[in-house]
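Working from the sequences, and respecting the hints, build out all of it.
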Amino acid sequence: MTVPAAIRPLAAVHLREAMDAAADHRPAAALAALMHIDPQSWTAITQRADLLGADLIDLLAHAARTGGTP
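Quick note on numbering: the sequence shown equals residues 1 to 70 in full-length UniProt numbering.
These are calculated hints, taken from the structure and not from any lab test. Please note that the accuracy of each hint is not assured.
[Said to hold, decoys possible] Ranges of calculated distance between the beta carbons of each label pair, as one might list FRET restraints: (1) H25 <-> T2: 32 to 42 Å; (2) D20 <-> R48: 12 to 22 Å; (3) P4 <-> H62: 12 to 22 Å.
These numbers were taken from a predicted model, which means no experiment stands behind them. The beta-carbon is built from N, C-alpha and C at its ideal position, and this holds for glycine as well.
And the structure:
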């Protein structure tokens, strides 16, 4: 199994902001946060989502449906 690329700390913050915005039903803010993620971290995030059997849209939709709770 290949080790996923690293997610930079600032990209993790932007991803969290996107998930929080999705949970709060603020799609424009979610998109804005995602647009700040660097390409290397974006690759790492999508690799990890793939390991979960999902993609980023699935994760954002889950956050929007559940308000960010598991």
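Would you say the C-beta atoms of H25 and T2 sit inside 32 to 42 Å of each other? holds, 36 Å
Assessment of proposed distance window 12 to 22 Å (beta carbons of D20, R48): With Cβ atoms ~18 Å apart, the hint holds.
Just tell me: holds or violated, for the beta carbon distance of P4 and H62 against 12 to 22 Å? holds, 20 Å
Hint compliance for this structure: every hint is met.
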